[in-house]
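For the record, in the sequence shown the residue sitting at position 660 is 660 according to full-length UniProt numbering, with numbers rising by one throughout.
Think of the hints as simulated: they come from the structure by calculation, not from any bench. Incorrect hints may appear among the rest.
Below 27 angstroms or equal to it, Euclidean Cα-Cα: the simulated BS3-like pairs (lysine-lysine) are [stated by the list, open to error]:
#1 462 with 430
#2 330 with 725
#3 98 with 330
The calculated label-pair distances, taken between Cβ atoms and stated as ranges, are [unchecked claim]:
#4 528 with 458: 45 to 51 angstroms
#5 458 with 820: 43 to 49 angstroms
#6 803 with 685: 45 to 51 angstroms
#7 820 with 715: 22 to 28 angstroms
From a predicted model like this one, the values you see are computed outputs, not experimental measurements. Virtual Cβ for every residue (Gly too), placed ideally from N, Cα, C.
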Amino acid sequence: MILNFDEIKKEDVLLAGGKGANLGEMTSANINVPSGFVITSDGYRDFLKENSIDIFIENEIKKSGNDEKVLLSISEHLRNKIKSGKFPKLLENTIRQKYFSLGDNVRVAVRSSATAEDLPDASFAGQQETYLNVQGIESVLNGVRNCYASLWGNRAVSYRLHQGYDQSSVSIAVVIQEMVESEKAGVLFTVNPVSKKENETLINASYGLGESVVSGRVTADSYIVDKNGEIIEVAIGSKETQIIYAEKNTVEVAVCDNDRKKRALNDKEILELIKSCLNIEKHYKMPMDIEWAIKDDEVYILQARAITTLKHSIDSLSEDNLVQKYTKDKKINKSTRKMMSFLLEKMPFAYRVLDFDYFTAINDQKVNILSEVGIVLPRNPIIDDDGIQTFSDTGKRINKNIFKFFKILRNMKDFNSCYHKCKDFMRIYKSKIEKIKCLNFENMTLEECKNFIEDSYIFLQKLAYDRFKYALFPSVLNDKKFTKIIKKVNANYSSFDFYWNLDNKTSAVTNDIYEMACEIRKNESLKRDVISGESYKELYENHDDFKDITDKFMRDNGFKSDYNCYCLSAKTFIEDPDRLINILRPILNTDESSDEIKQSKDFSELMIRLKEIYGHKFQDIEKQIEYFRYFHVVREETQYIWETLFYYVRQCVKRINCILIGTEDYEIGIANLFYKELLEAMNRGSLNESDKEKINRRNEKFPLAIKVWDASKLLIFETNGDVLKGVSGSAGIVAGRVCIINNPKEFYKMKKGDILVCHLTDPEWTPLFKLASAVVADTGSALSHAAIVAREFNIPAVLGVGFATTKYKDGDMIQVDGNKGVVRGL
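Please build the complete structure, drawing on both the sequences and the hints.
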């Protein structure tokens, strides 16, 4: 249970922990390490058994189910049990014997050495405790107990949980090492971690014990030295304090002015350090992070570990160069930038390649319609064979169809004809989606799956084409006409104000959510549980009235998605019902009287004013307005149809992945095949080597795809200056407090009167507009949901500003000028 340093090798990590194994390895390699011993992990386990703590750990950890809150509560009990525990007699006697063999009442460091610590793939440095200048056997034994307890510190438990380590199998050793009362100490990296140059070392140095440098308490000197000992660069740190021995433990004292201003290390000391540390690098055959100390001109090595972050840093550097290859020298013209700022609301994140194809099945229909009238736009965004997405910088051109321009334009401006087209196709598409709901995907054959995938893709293309051609394009083409009509009522109004009080899918979902909030308020216990953050599942099982309310909501709105243009990555309310709780929490946190949606804008009053203004012309105008409003309803309803379709496509893709790969995890499976590649694989009945290579390669490249897409956004938005410029989504000027919401899980942060600042908004976000005094979004345009909803709630909105979510933080005061489309910090 106890081993001297010279009995330990680097392979003994499970026994001696990372620190102990390294100290033993260096001792065996004749490196100047202060003497000591290790109480092994077997000693720790024996201590647990002696105090029946091992049974407590086994039972309680299993019960926790990796719930962080529960784990932290268990860990507090564990620490108390360990600190009051007794050592087995044999172990305690051996510790006493080994301690006294170091000398009479010698000063030692008692260091935790976790059995997973200092491994090449994960650094546990700093997760467990170290005690310096410990003197006397009772203090040593207390130090060991405290080290054992620190294995169950909150930080250590959380770290292991998020790194995926099994809590019940982790163990700890404790290093007892003779202290060096150093005059100077610090750390040395045998590869410069900043420049990544392998011929350079980086030394940090200060006075006293090394703890002040390791813990970052002082601004140490920094020396860049090549491996021949030549000093390349010196930065004198302020070295305000140093840690020295006290009667018990250590104390921090001021460094005199003269010592602060001069170098801590002279040339001779630097040369000795380089020689000693290069021996360690040579022995381990890898770049090392080394803690050292100097006393009486002698260099002591206190610890050494692999530089765990170096590979990641080098990979990041080369990845950044790769990103630049995709974006460098690309000039996106103004009209494309304007279009793409709207598109980014639909595509805030990079797609898997199959998802990208489903997105383009929708997006390309706009390009197809414009091509019919002679305007050829580049397909945007574009994707390569690795799945990397960015923007095309090709300009638009004209083809021979330009001669049909005016005829097709007249047809799209014929509201009566478009209205009847919409009525017809909506009936057909709703009927189709009802038939799809009857399919059983769990037992589908590969042939049946293939047929559904082909049919659903064609269905989506037709739906998107009809939506754009007969609902959205007619609305856009007549925008100026309707703006001119409404400005007679109020010069600040625009065509979007005709959408007041419109009963569309977004407003229906919002109204249903507010009705739910009203019902929940009637049950104080239910309301308290929702606000406290209980899960949907817990609420559903524990409250019958919640079950009744949400069953109805799911029947009516269950297919509403978080990201409505992502086929495979989206989640409906049915799939992720906790989203509903995220929306309800901030509403229930507000005053009860605000549940009813109130606004100053009344559509019926608007129509009365128009009738007064336009007299005998009003009847025709009223009919046109009715069509105009209906086209917006079609926009919302068609989106809900494809969201419903996507839900069933996901069930089918899950089934295909099971048949072809054996798991349901399509994200790392067939989602990495383009639509045509997937069809070919299904025709064959299996994946060939080429398919497997593409799946593996695109999986590996996906982190790069995410970075390239984020970098591509910089091509679209103007990012210079203190004033963020975007487009006006809704008029008005408001100053207020920023509340940044990155995703629905953060909805609870929203307070009434806050300015909502976000990457994008989606119909799911609509209830937040009720609380917000204004809205600022990185993406979007005057056609965005955010614009329309902001107008409905009569609050200013500025959209497409690019990077408000990174420029501002919660609590910042800003001014939102919806009249000019700008945002200023105050």
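Hint check results:
Under the criterion of a C-alpha separation no larger than 27 angstroms, the hint pairing residue 462 with residue 430 is consistent with the structure, at around 13 angstroms. A hinted pair counts as satisfied when its Cα atoms are at most 27 angstroms apart, and residue 330 with residue 725 qualifies at roughly 22 angstroms. Pair hint residue 98 plus residue 330 does not hold up; C-alpha atoms about 68 angstroms apart against a cutoff of 27 angstroms. Restraint check, residue 528 to residue 458: a C-beta distance of roughly 50 angstroms satisfies the suggested window 45 to 51 angstroms.
Residue 458 and residue 820 have their C-beta atoms about 45 angstroms apart, which keeps the hinted 43 to 49 angstroms range intact. Residue 803 and residue 685 have their C-beta atoms about 48 angstroms apart, which keeps the hinted 45 to 51 angstroms range intact. Restraint check, residue 820 to residue 715: a C-beta distance of roughly 24 angstroms satisfies the suggested window 22 to 28 angstroms.
Hint 3 from the earlier list is the only one contradicted by this structure; the remaining hints agree with it.
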